[in-house]
Amino acid sequence: MAASPAPFSLSASTVPARLRAAVAPAAAARGRQRRGRMVVRAKIREIFMPALSSTMTEGKIVSWTATEGDRVSKGDAVVVVESDKADMDVETFYDGIVAAVLVPAGESAPVGAPIALLAESEEEVSLAVAKAQELAKVGQPQQAPPPSADVAGTPPPPPPRPAEAPVVVPAPVVAGTKGIATPQAKKLAKQHRVDLAKVTVTGPFGRITPADVEAAAGIQPKPKVAPAAAAPPPPVAAPSVGAVPQAAVLPPVPGAIVVPFTTMQAAVSKNMVESLAVPAFRVGYPILTNKLDELYEKVKSKGVTMTVLLAKAAAMALAQHPVVNSSCKDGKSFTYNSNINIAVAVAIDGGLITPVLQDADKLDIYLLSQNWKDLVKKARAKQLQPNEYSSGTFTLSNLGMFGVDRFDAILPPGQGAIMAVGASKPTVVTDKDGFFSVKSKMQVNVTADHRIVYGADLAAFLQTFAKVIEDPDSLTL
Amino acid sequence: MQSTAAVSVSASAIATGGARSGAARRPGGVRVCGLRGEALACSSLRISQAPARRAATKAAAAANGAVAGSGGFDYDLVIIGAGVGGHGAALHAVEEGLKTAIIEGDVVGGTCVNRGCVPSKALLAVSGRMRELQDEHHMKSLGLQVSSPGYDRQAVANHANNLASKIRSNLTNSMKALGVDILTGVGTIVGKQKVRYGKVGFPDKEITARNIIIATGSVPFVPKGIEIDGKTVFTSDHALKLESVPDWIAIVGSGYIGLEFSDVYTALGSEVTFVEALDQLMPGFDPEIAKLAQRVLINPRKIDYHMGVFASKITPAKDGKPVLIELIDAKTKEHKETLEVDAALIATGRAPFTKGLGLENINVVTQRGFVPVDERMRVMDADGSVVPNLYCIGDANGKLMLAHTASAQGISVVEQISGRDHILNHLSIPAACFTHPEISMVGLTEPQAREKAEKEGFEINVVKTSFKANTKALAENEGDGLAKLIYRPDTGEILGVHILGLHAADLIHEASNAIALGTRVQDIKFAVHAHPTLSEVLDELFKAAKLQPREGRDSKPKQPPQPLLKVLGFITSLLSSQ
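Chains as they are written, first to last, in this note's numbering: chain A, 1 to 477; chain B, 1 to 578.
Please note: incorrect hints may appear among the correct ones.
So the derived list for chain A, only partly shown, Cβ under 8 Å to chain B, looks like this [what the hints assert, rightly or not]: (1) R71; (2) T202; (3) C328.
Some chain A residues flagged as far from chain B (calculated, every beta-carbon gap over 10 Å) [said to hold, decoys possible]: (4) I180; (5) P183; (6) P210; (7) A319; (8) D431.
Under the rule of at most 16 Å between Cα atoms (straight-line distance), these lysine to aspartate or glutamate pairs were calculated in the EDC-like manner [to be verified]: (9) K291/B x D87/A; (10) K439/A x D408/A; (11) K187/A x D304/B; (12) K291/B x D471/A; (13) K318/B x E340/B; (14) K425/A x E470/A; (15) K60/A x E82/A; (16) K382/A x D405/A; (17) K464/B x E476/B; (18) K336/B x E326/B; (19) K231/B x E206/B; (20) K190/A x D304/B.
These are computed hints drawn from the structure, not numbers from a lab.
Glycine included, every Cβ here is placed at the ideal spot set by N, Cα and C.
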């Protein structure tokens, strides 16, 4: 970063988003050196790709109205730039001589990238030309500025990149990918600066779909309703850049290894942070599971798992308490979901995913078990379709198998409640007549969005759920 | 109220005066409808004939089929092909009192009604609304709230199909009502003024006709190496049935047909990849319009494109594999890339449907399938001489493959048959592409006009206006669009008008009529347009067109005579007082 050409690439971030090309003093220091005491005047300025509209991320040079060697004065149109909306003449802010054109007509450059050098006087022209060559050379190593330098939180960080940045498609092939992306996927990848080679492919025929790119960019699948407008500012950066805020908090302990998030981990991180905006509360309930265990022993041989039994029980309870199955999308209304889709958290290598048992209230446990088996297989192979992991209306998380007796879950975005199930353990209980006995008991905690689900709702739901578990015959109907 | 009425009358008075004087300036030659000033003189003649002719028409309609055609022929006119061209010719022929028959081997209405313009408009009507409803930003800015619009593919397909059958029965009925004989079968010319028709291969019935019009139209052109299966690789014929909406469809060819289908498919949720052999998308459009069209109709949509490439081989989806499209460089013929998509629509133009017409019997050789004709649509034989009493109109002659051209050519032929010489000015024929927004044009493109100007030594001027400056367009929240006028600043002649914008296809006719009638910018600029309407876009153009100052011009008074104004004022006040 200390190398001399670096400073002007950083200066790009100060470009005012206006119709004029911003021109920043660049090699002032250098000029000073050469000229000894003549301190001032020796200036080579850069002409930047301006932001011509709020949605413009890169511009194409239609033509240069000024050519190298032309003397231009402030206010002269020097270049015609094609944005996503229109062709516009771009004026210079300063007088000078166009010393070097860095981006020729017909090529594109991201907003903020230098597209030409402007020398103040004849003498500086050669200097500017030399600098242009240097710039071209340094182009490559400069490509990925260390993200740690960026300030966390400033919304649009226009990452200064050399003109070559716009991806040329020949994608290095990832396992199973042929590098084929649909038109919209390509557009999104360009917009969000996602490297198509690093996208997890879910489309048919090993094809990269727009949803894949969005997932890679950390955009929630179907941000259809309210948040779309406000929440994600246009330049939702690629995962590597998205990881920046956390990295910037504290300097890492010497010797520590920084491993960037995978796409999935980035998505998890984003969802978890988002949940902080939801006023959640928790209600716990102890449930006796002797009868459920008996049932489980009976149906185990038919491929039914405890997960499916719990999901089915939850779905049956949800059917009676639709508010717990609803969600709050905009902070103003209830969205009652027409289906009861139980998402079940599954730990997979390097991450966490929530395959969804759709219509869990309607299908019987045998069908659900079959579906579940398929889903888990797909999840492990990372082949789940978006609707197979993002369509949940209620989530079930079970850590009982690890001996955990109770825990709280974090509410996933877009859902009203999540259930955390602990292990079922032999416990001494007293019945209503005061007799002691040892029964299997498990602790269930539900986290819910208090904007839509109130304490009494949740209590009533848990009561129903407990009834189903404690008298599980209805599960097999 | 008074003043409006007065002005509008004055404008028309001026327009007429101007045009007449224009006509008077030039010595009349052949009567060329659609070519400059002469038209007016002729039409005034016509008006005087009209009542007599209408009577004759009725008589003919009643007599047709009962009495044999004159001069020992079965018919005065036999038309092969009942598409829009044949239909237009037949209607006009009956009006002229000709005993007319039309031969159709397939369904009445031809390509346009059954597999072209008509059903595609039904699909585009759906796509336009769908696109609007899906555009949250657009809806919000109008203050509307719509939650998740959706569509039922089969219902959309039914709409297109129902429309086609409705228009088809309208066409059939209109011909029947007028007494046109509709003969079923495939027509073959067996000799001079002789046609045989019947089932394919068994033309068993023979009729004679004083005049014959070939109007057999065209079929989608499918280049070599492309295998059509009608399911995943298909032409517009299949696409219009909308049997599926693929996730990703490649459209080979970015002309009108390709562009319209891209509008339909993207609105219904597909992603589209264009394959274009030339180095420019939308070749044939005015470059400036094409550029804007790319910005409005392609870039913001789920569309990408490959230019300068041929689809050398297309294999339909089978055995669990997608549709494979092999692209080769248009110039070097080197293999460039293989696309894998869910479907491919072949929109590489249309080929004339002229096989089996028996042209060899009369020494006519087709050129790439097209029937060679002169400017009067008279068929030329192999030696370059005119075949008497035989005409060819529409796509089959390839002059300008548009439905309304065929019809106009048919009417022109009937005029000639009826003893009035007539040449159709093809430069006055408008064309439209019904995307959202629409594109329309008439006359020359800017490069064509510049070339012509250079060759003939005159200057041209171009004026443009944006839909953003139009009140109605802004009210509709549809400010995207451009209209440009290319004209001669020395004479005021309109050379071409190109529009991209809301309802452009409906707007073009003011310009095409002006070209057809020879109205000049200095005259039409005084015509009044209702406010606020989209038509003011053209008004703006005409008013912006500046002429080179020339001696002697503008000496006419621009005010209507005072007495006339007074009378009009009086009448208007009477009317408004009631």
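In ascending order, which of the hints set out earlier in this document are inconsistent with the structure? 1, 2, 3, 4, 5, 6, 10, 12, 16, 17, 19
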